[in-house]
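Modelling step: build the complete structure from the supplied sequences, incorporating the hints.
Letter by letter, the chains look like this.
Protein chains: 4
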Amino acid sequence: MIKQIAILGASGYTGAELVRLIATHPGMEIAALGANSKAGQSMARVFPHLRHLDLPDLVTIDEIDFSGIDLCFCALPHKTSQEVISALPKDLKIVDLSADFRLRDPEAYETWYGNPHSAIEMQGEAVYGLTEFYRDEIKAARLVAGTGCNAATGQYILRPLIAAGVIGLEDIILDLKCGVSGAGRSLKENLLHAELSEGYHAYAVGGTHRHLGEFDQEFSKIAGREVKIQFTPHLIPANRGILATAYVSGEAETILGALMADYDGEPFIEVLPLGEVPSTRHIRGSNFCHIGVVADRIEGRAIVIAALDNLTKGSSGQALQNANLMLNIQETEGLMLAPVFP
Amino acid sequence: MIKQIAILGASGYTGAELVRLIATHPGMEIAALGANSKAGQSMARVFPHLRHLDLPDLVTIDEIDFSGIDLCFCALPHKTSQEVISALPKDLKIVDLSADFRLRDPEAYETWYGNPHSAIEMQGEAVYGLTEFYRDEIKAARLVAGTGCNAATGQYILRPLIAAGVIGLEDIILDLKCGVSGAGRSLKENLLHAELSEGYHAYAVGGTHRHLGEFDQEFSKIAGREVKIQFTPHLIPANRGILATAYVSGEAETILGALMADYDGEPFIEVLPLGEVPSTRHIRGSNFCHIGVVADRIEGRAIVIAALDNLTKGSSGQALQNANLMLNIQETEGLMLAPVFP
Amino acid sequence: MIKQIAILGASGYTGAELVRLIATHPGMEIAALGANSKAGQSMARVFPHLRHLDLPDLVTIDEIDFSGIDLCFCALPHKTSQEVISALPKDLKIVDLSADFRLRDPEAYETWYGNPHSAIEMQGEAVYGLTEFYRDEIKAARLVAGTGCNAATGQYILRPLIAAGVIGLEDIILDLKCGVSGAGRSLKENLLHAELSEGYHAYAVGGTHRHLGEFDQEFSKIAGREVKIQFTPHLIPANRGILATAYVSGEAETILGALMADYDGEPFIEVLPLGEVPSTRHIRGSNFCHIGVVADRIEGRAIVIAALDNLTKGSSGQALQNANLMLNIQETEGLMLAPVFP
Amino acid sequence: MIKQIAILGASGYTGAELVRLIATHPGMEIAALGANSKAGQSMARVFPHLRHLDLPDLVTIDEIDFSGIDLCFCALPHKTSQEVISALPKDLKIVDLSADFRLRDPEAYETWYGNPHSAIEMQGEAVYGLTEFYRDEIKAARLVAGTGCNAATGQYILRPLIAAGVIGLEDIILDLKCGVSGAGRSLKENLLHAELSEGYHAYAVGGTHRHLGEFDQEFSKIAGREVKIQFTPHLIPANRGILATAYVSGEAETILGALMADYDGEPFIEVLPLGEVPSTRHIRGSNFCHIGVVADRIEGRAIVIAALDNLTKGSSGQALQNANLMLNIQETEGLMLAPVFP
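Chains as they are written, first to last, in the working numbering: chain A, 1 to 342; chain B, 1001 to 1342; chain C, 2001 to 2342; chain D, 3001 to 3342.
Since the hints were derived computationally from the structure, they do not count as laboratory data. Errors might be hidden in some of the hints.
Claimed, not checked - Below are the DSSO-like pairs computed for lysine-lysine, each with C-alpha atoms no more than 30 Å apart in a straight line:
1) B/Lys-1188 - D/Lys-3038
2) D/Lys-3188 - B/Lys-1079
3) B/Lys-1188 - D/Lys-3188
4) A/Lys-79 - C/Lys-2188
5) A/Lys-188 - C/Lys-2188
6) D/Lys-3188 - B/Lys-1038
7) C/Lys-2038 - A/Lys-188
8) D/Lys-3228 - A/Lys-228
9) A/Lys-79 - A/Lys-228
10) D/Lys-3038 - D/Lys-3090
11) C/Lys-2188 - A/Lys-38
12) A/Lys-188 - C/Lys-2079
13) A/Lys-139 - A/Lys-3
14) B/Lys-1228 - C/Lys-2228
15) D/Lys-3079 - B/Lys-1188
16) A/Lys-221 - A/Lys-139
What the hints assert, rightly or not - Covered by chain C, per the in silico footprint, the following chain B stretches (three or more residues, Cβ under 8 Å):
17) 1200 to 1213
18) 1220 to 1233
19) 1236 to 1243
20) 1272 to 1282
21) 1291 to 1301
Nothing here was measured: the structure is a model prediction, and the numbers come from that model. For glycine and all other residues, C-beta sits at the position ideal for the given N, C-alpha and C.
Structure (C-alpha cells):
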C-alpha cells in the first residue's frame, strides 16, 4: 500500500530535495505540501524543476488534514519546528529535519540555540536520526530528529574510531568544507552569487558552530567521558557537498580497519582503499558517503576524509532513509540514484 | 527478462551518463563496458562516482562477446564509431551516440566532417534518433543515430513551428548557450577550469558548427524546400545544460499553440505558459526539456527558448529512451529522475 | 593638484569599483563616502577587500560638506538619484551612474521607469556618458549620465554600423549574456549563489528591459528615423562580464571597416581581426572592450560580438573616464589596469 | 631610468601575471618574452587579455640577447629552470619562480623533487624570496628563489609564531584550500572545468606535498631544532586564492600580538582584529595577504587563517616585489592594485 506523505516547509531546499527523491519512490505519494509563506502557490512556481510532477499546491500548515497521512517530514526552521510539531497529532510519525530534537539535554539546547526549548517532553521521545547507528531505535520511533549535515559528516568519520578506541580523544581536529546550499534559501548578503563565487572563507570559527552540540553529545556518550573536538567549517563556492578532513592521532591501518568493520554491509557508506581520498563531485546528488584514510608522514598521525551531499545524505536523503525504516519499507528504496557527474 | 547491455566508449562523459541512468533501470543490466584507452581498469577508478555499483571492468572492444548482448550503446568519437559499428554483428541492436549516422547524405557527411564515410550502406539504414519525431521508426530500427545535443535543442523549438508553417523560414536565428561537458573529456587548453571559469564566449561562429548539417537536413525535409538557419553556440561556465534562444517571425500565441499541439502527451517535453521562460538549472541531470514562448515588443516577432541537459536529454537520456523503444520496454523507464536543484 | 572626490552610494558594487580604480589614480583623492544605510561603518567593514586603503568612514549624504569637492560620483538607485542630485550644489560636477539622466525625453523616462521624472530641467542639462561618442560634450559638462552597462555594450557594436549605413535597420537582434554583478548587491532569491550557480536563463524577454530606452533614443538619433532592435539579456553564472552577440544584415568586411574607422586611436576599444571573437575572460576587471566580426555562411549576414566588464567599462570605469575628461586629467589615468586572467 | 626586463616561460599563468603587473609599472619595460613551445607567436594570441599592450613576440630562450637586460624573471618548470639559469650570463639578475633554488640542501632537493640538482653551487648563492623575512639579503642578491605559493601562505602564519615561541611545535596542523590556477596551464584530466567545477577534494595527503620541503627548512631554521608540521592541501573550484587554516596550541591574543609586531609597517600584510577571519575574495588579483586569529573554545588552542592570491602574492607579485628591491626601485611599485571584488 502506498504511504501518504506530508512535507512541512516544502518551499526550502530540503523540502524540494525530499520531493525530488520521493518523486521516483514506488511506495510513497505526496499528499500535502505545507509552506505558510508561499501558501496558495503551485510547487511548479516555487520550484520549476519539479514542474513535471503532479503535486498538490502549497498550503498553510493549518489547512492540512493529517488524518490520512502516514508520515510527515518537517523541514522548518528550528524553533518554529518544535512549535509546529507540538501541535500535530500525537500518533503521527514525524521525521524532523530541524535542529529542535537533536539534543537530548534541554540545557544544551538552550546553550547552543539561545532559547529555552518549548517541547521538552518530546525532546526525550525523539530518536537521533543517524541511521547507521540508531537503526533499531529509528524503526520503532514515532519522532526522529534528523542530524545536522556537518554533524553527520563528522560522525561518519569519528564514531567508529572513538568506539573502537583507535584514536586519541584530546586532539581531534575537524576541518570542514561546505557547499552553499547548506545555508538554505535565506536572503543574506553573504549568500549572493556575486559575494560567494570564486571566493571561500571560514565561518563560526573557534568552536561556535551549533553542530558542536551534537558532536559533544554523541562523542561523549560513545567514549563514556567528555570529548570535545575542534571544528571549523569553511564555505566553498559549490552548491552541494561537504568534505570533512579529520586530523587524528592513531595508526592509519587500524583506523581503516575500524571503519571497514563498522560499515561492512552498509548500503550507502563506501570506505575507500588505504591512501585513496574522496571528492564531493563523486557523491553529488546522491545518498552515498565516501570515506578515505591516509597515514601522515608523522608517525602515529592520520588523516581521515569523508564526503557527502549535504542535501541528500546530510539531510533529506537521511530523512527518507529513516522514513523507510519507520514505515517498514526497504531502507534503500528511492535512494539508490547514482551521483551526478560531471 | 532483464536485457543485457554493452556500452562502448564507457570512459567518456556520455558513457558514464548511460551507466548512471541504467543503474536504477529495472529492465537492463550492464554486461560489458568497452574503452580501449582505459581497458583493464575498473569503472570505479575511471569514474569514482560509480563506485557503489557492481560493474564489469573496462575491456577493449575486441574482448567483448556480443552473443548475449541485447543492445549496444556506442559512445565513441565520430569516424571511430563507423569503423567499430561496421565490424559488429549485423543483427545487434545499436544506439550510436556519435555523429556518424545522423546525416543521410554521404556528401553532406563529408562536407561537415571532412572525411568520406566508410559505411555508406549503414548510413541509409540508420534512423535519426529524435524520439518524439521518429518514434515508430525507432521502435522498428536496428541502428539508431543519436542526435547532436545542440541539434536536439534547436529542433525541439523549430520542428513544430516549421511543420505548422507558423514562422518565417528566411530569418531564423538560433543563439545557443552550452555547458562545458558537451565538449567531452578531452585534454584541451581551452577546457581547463582556469580558462573557462568566470568567462564565456562564442565559438564556431558564422555557420561552421557541424550540427548545422542536422538542422539543414531535417528542417529542409519538413519544409519541403531548403531551409538555412543562423546558429551561434556560446560556451558557458557551467557543467551541464543547453539554453537555446530562437528569434523568429510569427505570432507568439500561434507559436505556442503549435508547440502545445505537437508535444501534447509527451512525457519529457514541458511547454510553459505564454511569457514564461526556462532555465537550465531546472532541468539539470534530468531527461526533461522545457520550452517557453514570449512575444517581442516588435509586432510579428517572437522569442522561443528551450532548455535541456546536454548529457541527458541531449545525449545519453535520449539514447536510453530510444533503447527502451527498441527493446519494447516502457519508454520512460529509468528516465523519470527529477532534476537536481540546487 | 589632487582633485577631491565624493562617492554617494559607496556601499554598492559600482561604488566599490570606483574606490578600487581611484585607489591607484595619482590625481584623485577620496574625500567623502556616502551610504545612508551603512553610515557610521568603516569601508573596511562593508568591503574588506579595500581594507588596505586609508579611506573616510561611510556617512549619510546630508553629513557631507561638498564645498571642497571637485567632483561627485553618484552610484545610487534610480529615482533616489534624481532626488539627491537635485539637492546638491548647482555648480558641483557630477557623474551619475544611475538611469535617471540617460533619457532626454521625460515621457520616455516615465514609460521605461514607471514614475514621472522629478528633475526634468536637469534631464536636459545632462550629457550622455558614452565617452567615445560624446567626448567633447563630456569635457564641457557639469552633469554626465553614465550609460546602462548593457546599453554601452550594444552601442559599441551598433553605433558605428548605423552611422555608416552598413547594416539593415529592420532586423537587428542583440542577444546579451551578463554576469551577475550587474544586478547589484540587492537581496533577491534569484541572486543567491545556490540559485544561479551552474544555471543560466533569459530575463526581461520580449523587449521589456529598460536599457531599450537608451537604444531607441540613441539609434534613432543616429539614423534620423525610428530604429527598434530586438534585445534579450541572459543571466550567466559568472560575476563580471557582458558578452553581446549582434545578428545583422550586412557585409562582414564592410562592418569591420566601419568599426576600425570609428575606433581608430581609441585607447580602450580593441577591434579584433576579421573572424576572431572576444571572450569576457579577456577583459575581466579592466576598462577594455573587445569587438569581433564574423561573416555568416548566409550571404549578406554577419555576427558582431563585443565583450566588456559591466562594472568597469560598463559602469565605474566609464564614469572615471568621464570624470577625467571633466577634470581636465588625462583620459586614461587610473584605467590602464590589465585584465585579470585567469 | 627604465629597467629592461626579460620573462622566460611567458606562456604560463605566472608569466602572464608578471606581464599584467609590469604593464602599469612606471620603472620597467618588457624587452623580451621567452617561451620555447610557443615561440613565434604574439602574446596577444597566447593571452588575448594582454592584447592592448605593445609587447615583443614570444621567442625561444636562445634567441634572447641578454646584454641589455637588467633583470630576468624565470617562470619555467622546475628542473628546466636550473638548466636554463645555469646557461644565463653570470652577472644577470634573476628572480626564479620555480622550485629549483628554494631548498639549500641538495639532498633535500633530491628527496622532494626526485632528481639530483644540476646547479648545486647556484643553490648556495640563491636567496629565499619571502620578502618580509629576507628583505636585506634580497636587496643584495643576484639570484632570488621565489617561494612556493602554499609555502608562502603557511609561513606568513607560522614564522612569527615560531620565532616568538608562542605556539607549540609538536602539533601544528595546516589545512590549505587552493584555487586551480596554482596547478598551472597544463593539460591534465583532473584540471578540466567539467571535472573540477562544483567539486572539491584533498590532494597530496599525508605529507607528500613538495612545499613541505620549504616548511621543514625554514621552520627548523627559525626554531633551531627540527620542526615538522602536518599539511594537507585541498583543490577548490575557484581560479585564484589560497586560504590556509592553521590549528595551533597557544593563546590567541599572544599569537595576534606576535603577528602584529612582526608585520607592523609591512605594506602588503594586513593583520585583522582579533576574531575576524579573511576570505580569498578580498585579496583576489592583489598582492595583499590578510591574516586573522581566533581563540578556540578549547583553552590554549587557537586558529590562525591567512588568505592570499597564489598568482600574485604567492608567486608573480612576490617576484616583482623582490625585483623592485634588487633594482633599487620602491618596493611597492606596480603592486598597489586593489583586489578585484566582486
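So, going through the hints one by one against the coordinates:
Restraint check for B/Lys-1188 and D/Lys-3038: satisfied, since their Cα atoms lie roughly 16 Å apart, inside the 30 Å limit. About 25 Å separates the Cα atoms of D/Lys-3188 and B/Lys-1079, which keeps this hinted pair within 30 Å; it holds. The hinted pair formed by B/Lys-1188 and D/Lys-3188 meets the criterion: a straight-line CA distance of about 9 Å does not exceed 30 Å. About 25 Å separates the Cα atoms of A/Lys-79 and C/Lys-2188, which keeps this hinted pair within 30 Å; it holds.
Taken as a hint, the A/Lys-188 and C/Lys-2188 pair is honoured in the structure, with Cα atoms around 9 Å apart against an allowance of 30 Å. Our distance criterion of 30 Å between C-alpha atoms is met by D/Lys-3188 and B/Lys-1038, whose separation comes to about 15 Å. A distance of roughly 16 Å separates the Cα atoms of C/Lys-2038 and A/Lys-188; the hinted pair therefore holds under the 30 Å criterion. Pair hint D/Lys-3228 plus A/Lys-228 holds up; C-alpha atoms about 25 Å apart against a cutoff of 30 Å.
A threshold of 30 Å between alpha carbons decides the hint, and for A/Lys-79 with A/Lys-228 the separation of about 26 Å falls inside it, so the pair holds. This hinted pair checks out: D/Lys-3038 and D/Lys-3090 have alpha carbons roughly 26 Å apart, not beyond 30 Å. Restraint check for C/Lys-2188 and A/Lys-38: the C-alpha separation of about 16 Å stays at or below 30 Å, so the hint holds. A distance of roughly 25 Å separates the Cα atoms of A/Lys-188 and C/Lys-2079; the hinted pair therefore holds under the 30 Å criterion.
A C-alpha spacing of about 16 Å is found between A/Lys-139 and A/Lys-3, which places the hinted pair at or below 30 Å, so the restraint holds. For the hint linking B/Lys-1228 to C/Lys-2228, the alpha-carbon distance of about 25 Å falls within 30 Å, and the restraint holds. For the hint linking D/Lys-3079 to B/Lys-1188, the alpha-carbon distance of about 25 Å falls within 30 Å, and the restraint holds. The hinted pair formed by A/Lys-221 and A/Lys-139 meets the criterion: a straight-line CA distance of about 21 Å does not exceed 30 Å.
Three residues within the 8 Å Cβ limit are the bar, and the region 1200 to 1213 of chain B against chain C gives 9, so the coverage statement holds. Check result for the region 1220 to 1233 of chain B against chain C: holds, 3 residues qualifying (beta carbon to beta carbon below 8 Å, three or more required). With 7 residues bearing a CB less than 8 Å from a CB of chain C, the region 1236 to 1243 of chain B meets the requirement of three and the coverage assertion stands. Three residues within the 8 Å Cβ limit are the bar, and the region 1272 to 1282 of chain B against chain C gives 7, so the coverage statement holds.
With a cut-off of 8 Å between beta carbons, the region 1291 to 1301 of chain B has 6 residues touching chain C; three or more are needed, and the interface restraint holds.
The structure shown violates none of the earlier numbered hints.
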